[in-house]
Structures are given as structure tokens and as C-alpha cells.
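Novice: Given the sequences, and given the hints that come with them, work out the whole structure.
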Amino acid sequence: MTDVFALHQMDAVKVRVKKCDGQNTAVYKKFSIDPRITSFEVLRKLLSKAFNIRGEFSISYLARDEAGKPTYTSLLSDWDLDAALLGLSPDSHLRLKVDLQPVEEGYNDWDIICPVDLPDEPSSAMRSPSSSHPLSFRDKFISISKTMDMVTKALNLSEVERRYAKPPMTDVEYRNFLDSDGRLVRPLEFRRSVFLGGVDHNLRKYVWRLILNVFPDGLAGQERLDYMKAKSTEYYRIRDSWKARFSNGEMTHQLQFITNLVRKDVLRTDRTQKFYAGSDENKNVLALFNVLTTYAMTHPSVSYCQGMSDLASPLLVVMKDEAHAYICFCGLMKRMKRNFRSDGLSLTLKFDHLKKIIAYYDPEFHSYLVQNDCDELLFCYRWLLVELKREFAFEDALHILEVIWSSLPPDPPAHELELTEMGFFDEGDDSGLHFTRGDPRTTTSSKSSSGHSSGRPSKRGSVISGEGDDQSHSSSEDSNDYVLMSDSLTDNLEKQLVYLEISTADASQRCRNASEVSSSSADSQCRLARPSSAYSMDNTLTDSKVEFLLPPSNISRTNSDLSDISSLPSADASPTAVVRRRWPQSVMDSGVDASAPSPSESSKSQLPRPQELGDGNPFLIFLCATILLQQRDCIMSNQMQQHFELAMHFDKLIKRHNLHKILLQARRLFTDYLKTQQSLQDEAESHAEDGAHNF
Amino acid sequence: MSYAYLFKYIIIGDTGVGKSCLLLQFTDKRFQPVHDLTIGVEFGARMITIAGKQIKLQIWDTAGQESFRSITRSYYRGAAGALLVYDITRRDTFEHLTNWLEDARQHSSSNMVIMLIGNKCDLESRREVKREEGEAFAREHGMIFMEASAKTAQNVEEAFINTAKEIYDKIQEGVFDIQNEANGIKLGPEHAAPGVGGGVAGARGPGASSQAGGCC
Numbered sequence: 001m002t003d004v005f006a007l008h009q010m011d012a013v014k015v016r017v018k019k020c021d022g023q024n025t026a027v028y029k030k031f032s033i034d035p036r037i038t039s040f041e042v043l044r045k046l047l048s049k050a051f052n053i054r055g056e057f058s059i060s061y062l063a064r065d066e067a068g069k070p071t072y073t074s075l076l077s078d079w080d081l082d083a084a085l086l087g088l089s090p091d092s093h094l095r096l097k098v099d100l101q102p103v104e105e106g107y108n109d110w111d112i113i114c115p116v117d118l119p120d121e122p123s124s125a126m127r128s129p130s131s132s133h134p135l136s137f138r139d140k141f142i143s144i145s146k147t148m149d150m151v152t153k154a155l156n157l158s159e160v161e162r163r164y165a166k167p168p169m170t171d172v173e174y175r176n177f178l179d180s181d182g183r184l185v186r187p188l189e190f191r192r193s194v195f196l197g198g199v200d201h202n203l204r205k206y207v208w209r210l211i212l213n214v215f216p217d218g219l220a221g222q223e224r225l226d227y228m229k230a231k232s233t234e235y236y237r238i239r240d241s242w243k244a245r246f247s248n249g250e251m252t253h254q255l256q257f258i259t260n261l262v263r264k265d266v267l268r269t270d271r272t273q274k275f276y277a278g279s280d281e282n283k284n285v286l287a288l289f290n291v292l293t294t295y296a297m298t299h300p301s302v303s304y305c306q307g308m309s310d311l312a313s314p315l316l317v318v319m320k321d322e323a324h325a326y327i328c329f330c331g332l333m334k335r336m337k338r339n340f341r342s343d344g345l346s347l348t349l350k351f352d353h354l355k356k357i358i359a360y361y362d363p364e365f366h367s368y369l370v371q372n373d374c375d376e377l378l379f380c381y382r383w384l385l386v387e388l389k390r391e392f393a394f395e396d397a398l399h400i401l402e403v404i405w406s407s408l409p410p411d412p413p414a415h416e417l418e419l420t421e422m423g424f425f426d427e428g429d430d431s432g433l434h435f436t437r438g439d440p441r442t443t444t445s446s447k448s449s450s451g452h453s454s455g456r457p458s459k460r461g462s463v464i465s466g467e468g469d470d471q472s473h474s475s476s477e478d479s480n481d482y483v484l485m486s487d488s489l490t491d492n493l494e495k496q497l498v499y500l501e502i503s504t505a506d507a508s509q510r511c512r513n514a515s516e517v518s519s520s521s522a523d524s525q526c527r528l529a530r531p532s533s534a535y536s537m538d539n540t541l542t543d544s545k546v547e548f549l550l551p552p553s554n555i556s557r558t559n560s561d562l563s564d565i566s567s568l569p570s571a572d573a574s575p576t577a578v579v580r581r582r583w584p585q586s587v588m589d590s591g592v593d594a595s596a597p598s599p600s601e602s603s604k605s606q607l608p609r610p611q612e613l614g615d616g617n618p619f620l621i622f623l624c625a626t627i628l629l630q631q632r633d634c635i636m637s638n639q640m641q642q643h644f645e646l647a648m649h650f651d652k653l654i655k656r657h658n659l660h661k662i663l664l665q666a667r668r669l670f671t672d673y674l675k676t677q678q679s680l681q682d683e684a685e686s687h688a689e690d691g692a693h694n695f
Numbered sequence: 001m002s003y004a005y006l007f008k009y010i011i012i013g014d015t016g017v018g019k020s021c022l023l024l025q026f027t028d029k030r031f032q033p034v035h036d037l038t039i040g041v042e043f044g045a046r047m048i049t050i051a052g053k054q055i056k057l058q059i060w061d062t063a064g065q066e067s068f069r070s071i072t073r074s075y076y077r078g079a080a081g082a083l084l085v086y087d088i089t090r091r092d093t094f095e096h097l098t099n100w101l102e103d104a105r106q107h108s109s110s111n112m113v114i115m116l117i118g119n120k121c122d123l124e125s126r127r128e129v130k131r132e133e134g135e136a137f138a139r140e141h142g143m144i145f146m147e148a149s150a151k152t153a154q155n156v157e158e159a160f161i162n163t164a165k166e167i168y169d170k171i172q173e174g175v176f177d178i179q180n181e182a183n184g185i186k187l188g189p190e191h192a193a194p195g196v197g198g199g200v201a202g203a204r205g206p207g208a209s210s211q212a213g214g215c216c
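Here the protein sequences come in this chain order: A and B. Just so we're aligned: the first sequence equals residues 1 to 695 in UniProt numbering. Just so we're aligned: the second sequence equals residues 1 to 216 in UniProt numbering.
In short, the hints are calculated from the structure, not lab data. By construction, the Cβ of each residue, glycine as well, lies at the ideal position given by its N, Cα and C atoms. One or more of the hints may lead you astray.
[Claimed, not checked] Straight-line alpha carbon distances no greater than 27 Å define the calculated DSS-like cross-link-like pairs of lysine-lysine that follow:
(1) A/K655 x B/K151
(2) B/K56 x A/K69
(3) A/K652 x B/K130
(4) B/K130 x A/K264
(5) B/K53 x A/K69
(6) B/K151 x A/K652
(7) B/K29 x A/K652
(8) A/K264 x B/K53
(9) A/K231 x A/K205
(10) A/K49 x A/K29
(11) A/K334 x A/K320
(12) A/K283 x A/K264
(13) A/K264 x B/K56
(14) B/K29 x A/K655
(15) A/K97 x B/K151
(16) A/K356 x A/K655
(17) B/K151 x A/K274
(18) B/K29 x A/K69
(19) B/K29 x A/K14
[Said to hold, decoys possible] Computed beta-carbon distance windows for the label pairs:
(20) A/Y28 x B/N99: 56 to 62 Å
(21) A/L76 x B/A136: 42 to 48 Å
(22) A/T272 x B/N99: 48 to 54 Å
(23) B/T27 x A/F31: 58 to 64 Å
[Said to hold, decoys possible] Every beta carbon over 12 Å from chain B, so not counted as near; a handful from chain A, in silico:
(24) N52
(25) R64
(26) P70
(27) G182
(28) R271
(29) A277
(30) D310
(31) D373
(32) R390
(33) I404
(34) E612
(35) F650
(36) D651
Specialist: In C-alpha cells, the structure reads:
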């Protein structure tokens, strides 16, 4: 505590900086900073201005080590800066050293490692060296770097920028997407625009509701306002029902469990943001608490899990309205609740796909990770769970979230967005499916989040498998009902089975709740089908739907439906051949020297299709892969040999990632991927036709 | 920097008991009252000295509310030491210790040294768990015990270092097979003999072989 005061008492601090770029002689500069207002970020900006640095650089400061010898220590954060300042003796200079990172200066190294310009405009200059020279990968990389450097600078980068980035959407542009009644027209182009450039902060409030699938299709401007008003009223009604119980002291186990967890977490979510800062009684913190508690209380199959506060917090910051934030949160969670299911299958799948993508695009790096036993990538758990929200500075996180959301095809609610999972209020307008099944006994044990008062739902998942016999019995009994609701059961039986187990547990949960909330059974039956249909949504997500992200020339093909090729064996040799032909990266794969394990294997293994990749969020996987691949040189040249070293490396990069650079490359790779998927599909279709002729 | 041994630690315990704060106090010697909750796992490292030997600690700080079981098992894998933390001002966090302990024993090597920490001992007025209870629980389950405060730094250094001492003693007595990295111990460049597994390239001297001791 005293340290902080010491910082506040400091006036100007004189700084002496030495810049080294590894080749020329060092350059020195002197200036002063006010430690009370100079953050690490400000210091970085000052330094890049002072030395006119455009690329990446690292900062270190002169300090005494344990033996009292002066050594340069990395300065990576505000904490380091504080340490550097506090270590100064009065009137001494803060001695800094700036090291340029030559590889990354001025151009994007990874563009060159993956010189795959777009399939429709092959770049012979990039292909020939890799296919004809018997050089090692490294040599090749350097030689390509040299020959391509100027070209890249002159053409490639600006071309890439032009194709894969645009300025954020402005008010004028937004209005161009609305007709005279304020109805959203060209929704796919609208998403594409957000995907390429994000949104001006002031517009976020409006654009986020649209890309989070809050509205049914075709609402005019006034109708959207009315809709939000009606939904807000509905929200407050739902919220006040548990609040009433809360203040009357009618604390159920469930309510107590949830409020305890949520309270603890909202006090630790984005509190460095002005919006949530200050005392624990900050009304925005309370609003976040209300949003999360209401959601958990009305969605017993999801309840509350850590990570959700990180998803809800930006919504509240942008909407500045509790009810609106809740409505958006429901829109977001419709897709993302899968991440928080106790079986962990969604995340397991995402990890698996991330590894596949890395193996596909950079087999050398992938085998490096495998050889060093770091391919578990456990540090990516947070990236995948909260979709990179934590990895970027807050403002950047808002940007990356909207880009991710807009990368997904629209999924508007048929009538209106559901704010509850079960019949929290008896609205009585649902009908249809039959409420079957349910051994209520399974409820309490398999969903400890709603039943146990444990501070940690330690038995989630394990109990489900522990009661295997019982569960699988009821699952198989029930499965027919679900087959009718979801046409995708053939896809992945095992996943489905576990899924059914969960659904069954949910069903029993509702059974129990039905006794609390009378006459809601029809309602809950209908909603019971929803998780299932949400699941099948992923599987019927068609290529034509993601095509909107491709450059306009490709949008013309809109009648394609990837589900057509789902019946093809995935190990079919011909699609692989297509990948090799249409994906220039494969040319480089074949040039990797023979000692590098399994490039052929990895290039053979086909990437998951867009509707499978990332379990409903393919672009996220590309973003994560890009972040990893952009560090691959650093990782390999520093010989980071343990998972832990990698993890520490990426922990240090938290909130310091270069958003623009990551987005640019991820967009580019993703677009290429979609194109390839399209060509695969073309191929499959023509094969199917050939097959038909043969018969 | 060279080191004789590398130990992997894992910090576990209920959400909000101060696991991340203990780690930060240990690695950075500061207390941060406002910080983001841990999702998944975070990491910290520090060098310490035991019996004149440099030992590098690799610390895995896990999330208290764990909803992804398959990944937890990965955290435990190869941990030589665990800090099991509860909050002396919250009885429930003490009551959940048995669950945590079961988990830890199930997923880790049987030799893993577990240190029980009653955190937030600066908040004496709000105490809900007596020190004697913590001591008794630790004794009963074969753990070392300390009350600590991440805020005042009381006993934080000691908790991490005493755990390392215990591991070091076990190595000396040949309880740990240090050639087996699954035990969470790795020989540093000072120790590793050429060709010995777990060593780091550029090993100098065969000092390790004498200590590589019996296998369990």
C-alpha cells in the first residue's frame, strides 16, 4: 500500500532511453514523464513516437538484480513500470532500453510463412522457391522473406488490407443498411461490414442487438423500439419475482447458491473499467449481478458458471441499460451456453479443432508442439470459453467480440427471443411436444449447480457418468423423441448420447420445477425441444450462410448447402486432392524436409466443415490459431520447450495483443478456408453427379 | 537462469478464497485488491533457494469454480506440490476441503506434497474457522498447515517454501523418482547428466546421478 503512495508523491521522472535494433549503433534519447499519469501503454506510445518505430519492440529497464549487479529487466506491464519507478533512487534517471524485433518490422512475417495468396490469384513468385529448392524450411523462409520483402511491402500488405479490413462502421454506413422504415436490409452485407471493420463505439448499442439475434426478422425501426420496451418489461417482471423471494428471505438452495457465486464474481469482473470501478455498491456492478442471477434462475439447465460475467459485462457497458443487456445476453447465450455445459464437450471439440487448424496451416510448428509435449494448449481454455474477451484491452475486446459475432450467420428468433428457459411465467401459448420421461432422482445429483450448496460443483459430469446405467437407459428410451426434433443424429452419436443425458437431466429438472410452477408443463415441453434445435442449428448451418463473408464475387453462389455432402465419407481421397490443389499452403507442406513428422498426414486430414468447426463458431478457432501462429517464431527461436513456458509467454501478452494484425490474418485465413470448403463442396457435387451418371 | 530442480505446484480451493492473490504476493510481492476472477488456469513462476540449491517453481493457479472436469485432470498431472487453500472467514470453504482433497489424491501422484493454507488470517474479527480446526484437519490428512494472509504477506513466502522443502526432503530420501517427470520434478541444467531424461541440453557435470536415488 505504501508503494502506491510513494508513486503518487513522485513528480517528473527523467528517462534515458537507448534504442537497439541489432545492426546499427544504438540511438539515445532523453525525456521526462509524470509517473502519476504515465501508464505502460502511454510509455510505449511515447517511445514509438520518440524513435519513430512502426513495428513491434520490447522495453526493458535497468535494475539491480539480487546480487546487486545492474541488469536489464523486461518491462511488460504497468506493474513492471511501477517496479521500475519505485526502484529509482531520488534524482536518478530511469534507464530504458528499446529493442526492435526485426522480423516483424514493417511487414507481417506470417503472411510470408503462409504466402498463400488467394487461390484465384496465384503468386508464382511465392510458390516456385518452396517447391523447387531443396532447402530447409527455415532457409526457405528466409529466402522467401528476402525476395518477397519488397513485394510484400509494396503490394501484398495493402492488398490484404484492402480485402480484409475496413474502417469501423459509421452512422452514415449504418443508415445505408436501413430502409425508410428503419428495417434492416441486406443483413448479410451488414454482417460482412461489421466482420471487416467493427463498429463505431456510439453505434454499438444498436448494431450489437442486431448481430446478437435479439430481433425476429423484418422489424421496422419503431417496431424494434417497441419490442425492446416490451422485452424490458418482461425482464423486470422475471427479475422482480426472484428479487421478491430474495428480500422475503425465501431463499431456496438454488437462489442462495447462485447469488453467492454471482456476487463473488461481479466484484471481480472488469472492475478496473471506470464503469464498474469504485465501491462494491457501484450500481453497474449491481446491474451485472441482476442480469446474471436472473439468467441463472430462469435457465436451470445452464445456471451460472464462471466466465459468464465476462460475457455479460461488455453488454452492460455498451447498452448502459440492465434490461437491454439481459436481452442481449439471452441472444448471446443461446449460442454460447454450450460452452458452459458440464460435459465440457463443446470445449473439448474446440481444442481439438484448434490443434487441427494449427497442424494444417503450420505442420512444422504443430510437430514442434507435439514433440515438446505442449500441444495440450491448456492456456487457451480461457480464450475459447469467453471468446478472447480477456485477451485484449477492454476497448479492443469490444471490437473483437463484434467481429466474432458478425462472422456467424444470422439466427433470428422465429417469433421473439426467449428470456427464460422454462415456463417461469405461464404464458400458455406453447403447445405440441409431449412431456415424457424423467426420474426426478437424477435431477439433484446430476445438476449440482442447482441443487447442491457446494461452493464448487465438483461432481458435475462425473455423477452423470457414475449413474451410467440409469441414464443411458432413459436416454435410449427418449432418443426417438429427439430424433424427430433433430435431423442430425447420425453425425456424432457419442456426442448426441451425452447430450441426451444432459437433456434428460434437464427434463427431470423441469419435472421438479413443474411442481413449483403449476400448469407450466406444456410450456416446458416445448422449451425442452429448444436446446436440441439449437444443436441442430449448428448442423444445418450451411455454406451458403457463411458465404456472406467471402468477397462479393463469391456471394453469387447462394444455393449451395453443405449438408448435401455430409453423406460423403470424409476420408475420401478426392476432397483431399482438392485441398492440395486449391490451397497453395499445401505446396509448402510438401517441401518440408522428411525429418519433420507427418506433414503429409496433417495435410491429408481434412479440416472440419464450417458448420462443425469450433462447434458453432469457426472464426474463433481461426482467431486463436492466428494468435498462436503469430508467436510461433518467438516460441521456436526461444526454444520454449514446456507447456508452462508457452503459457507464461501468452499470459504476458494478455491485453497487449496487436488486434489489427491478428484480425487481418485471421480474416484472410478464414476467407481462404471458406473458399476451399466451397470448392470441396463443388467437387463433391460433381462427384455425386458422376456417380449418378455411372448408375 | 540455471536451477537445480524445477517443481510444479498447483493451487486449488473454493472460488474467492484468495488463490490468485497468494500467487501474486509470492511472485510479485504485492497485493492487488481488484483483480479479475480466474478462468481456467493462470500461471506464475519464481526461483527460490533450498539448502543452497536454486529451485524453480512453476505454479498453476486454477479456477475455484470448475466446470470442465476433463481439463482439471490435466492441471494435476505432474504436480509435485499442491497448495490447498480455504478462507478462514468462510466456513463453507473449509467444509469443502474434503472434496478438494479427494480430487487431488485421485488425479495426482501419490507423493504429491499438499500444504493446507487458511488464508485471510488478517481478518481476525471475521474468523469462522479456528486455527485448531485447520491444524487438526491437516494432521488427520497428512498435510502441512499454515494460516496466511495474501494481503499482509504473512506466511506466504513460508507456505511456498516449506512445501518446496518437503519435496526436496522427499527427493533426498529417494521417495521421488526424479527421472520420472510425471512426479512434477525436473532436473535443472546444473544436475542433469548427459543422456539423462528430464535434463536440459547443455548439461554440465554428473552431479545428479548421486541424488537420483532409489525409485519408489
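Novice: Hint by hint, say whether it matches the structure.
Specialist: Hint check:
Taking the CA atoms of A/K655 and B/K151, the gap is near 25 Å; set against the 27 Å cutoff, the hint holds. With a CA separation close to 21 Å, the supplied pair B/K56 and A/K69 stays within the 27 Å bound. With a C-alpha separation of about 38 Å, the suggested pair A/K652 and B/K130 falls outside the 27 Å cut-off, and the hint is violated. A threshold of 27 Å between alpha carbons decides the hint, and for B/K130 with A/K264 the separation of about 23 Å falls inside it, so the pair holds.
Distance check on the hinted pair: B/K53 and A/K69 sit about 20 Å apart at the alpha-carbon level, within 27 Å; holds. Distance check on the hinted pair: B/K151 and A/K652 sit about 23 Å apart at the alpha-carbon level, within 27 Å; holds. Restraint check for B/K29 and A/K652: satisfied, since their Cα atoms lie roughly 17 Å apart, inside the 27 Å limit. A C-alpha spacing of about 40 Å is found between A/K264 and B/K53, which places the hinted pair above 27 Å, so the restraint is violated.
Proximity of A/K231 to A/K205 is assessed by CA-CA distance (about 16 Å); at most 27 Å being required, the pair is judged to hold. For a cut-off of 27 Å, the pair hint linking A/K49 to A/K29 stands: about 11 Å separates their Cα positions. Annotation: proposed proximity of A/K334 to A/K320 holds, straight-line Cα distance about 21 Å (limit 27 Å). Between the alpha carbons of A/K283 and A/K264 the distance comes to roughly 15 Å, so the proposed pair stays at or under 27 Å and holds.
Pair hint A/K264 plus B/K56 does not hold up; C-alpha atoms about 33 Å apart against a cutoff of 27 Å. With a C-alpha separation of about 22 Å, the suggested pair B/K29 and A/K655 falls inside the 27 Å cut-off, and the hint holds. Taken as a hint, the A/K97 and B/K151 pair is broken in the structure, with Cα atoms around 33 Å apart against an allowance of 27 Å. Between A/K356 and A/K655, the direct Cα distance comes to roughly 26 Å. Compliance with the 27 Å bound is thereby established for this hinted pair.
With a CA separation close to 24 Å, the supplied pair B/K151 and A/K274 stays within the 27 Å bound. Simply put, B/K29 and A/K69 have alpha-carbon atoms about 21 Å apart, close enough for the 27 Å limit, and the pair holds. A C-alpha spacing of about 26 Å is found between B/K29 and A/K14, which places the hinted pair at or below 27 Å, so the restraint holds. Checked against the hint of 56 to 62 Å, the C-beta distance between A/Y28 and B/N99 comes to roughly 59 Å, which is consistent with it.
For A/L76 and B/A136, the Cβ-Cβ distance of about 44 Å falls inside the hinted range of 42 to 48 Å, so the restraint holds. Range check, A/T272 to B/N99: Cβ separation about 32 Å, and the 48 to 54 Å hint is violated. The hinted window of 58 to 64 Å between B/T27 and A/F31 is violated, with their beta carbons roughly 31 Å apart. A cut-off of 12 Å between C-beta atoms confirms that A/N52 is not in contact with chain B; the least separation is 33 Å.
Taking the minimum C-beta to C-beta distance to chain B, about 16 Å, the non-interface status of A/R64 holds against the 12 Å cut. The Cβ of A/P70 sits about 16 Å from the closest Cβ of chain B, beyond the 12 Å cut-off, so the non-interface label holds. The non-interface label for A/G182 is consistent with chain B: the shortest C-beta to C-beta separation is roughly 38 Å, beyond 12 Å. Not every CB of chain B is more than 12 Å from the CB of A/R271 (nearest about 5 Å), against its label as outside the interface.
The Cβ of A/A277 sits about 8 Å from the closest Cβ of chain B, inside the 12 Å cut-off, so the non-interface label is violated. Under the 12 Å C-beta cut-off, the non-interface status given to A/D310 relative to chain B is violated; the minimum distance is some 7 Å. With a cut of 12 Å on Cβ distances, A/D373 falls inside the contact zone with chain B, its closest approach being about 9 Å. For A/R390, the non-interface assignment is contradicted: its Cβ lies about 7 Å from the closest Cβ of chain B, within the 12 Å cut-off.
The non-interface label for A/I404 is consistent with chain B: the shortest C-beta to C-beta separation is roughly 17 Å, beyond 12 Å. Distance to chain B confirms A/E612 as a non-interface residue, since its nearest Cβ pair spans about 20 Å, more than 12 Å. With a least beta-carbon separation of about 9 Å from chain B, A/F650 fails to lie farther than 12 Å from that chain, contradicting its non-interface assignment. For A/D651, the requirement that its beta carbon stay farther than 12 Å from each beta carbon of chain B is not met, with the minimum near 5 Å.
Comparing the model with each earlier hint shows violations of hints 3, 8, 13, 15, 22, 23, 28, 29, 30, 31, 32, 35 and 36; every other hint is respected.
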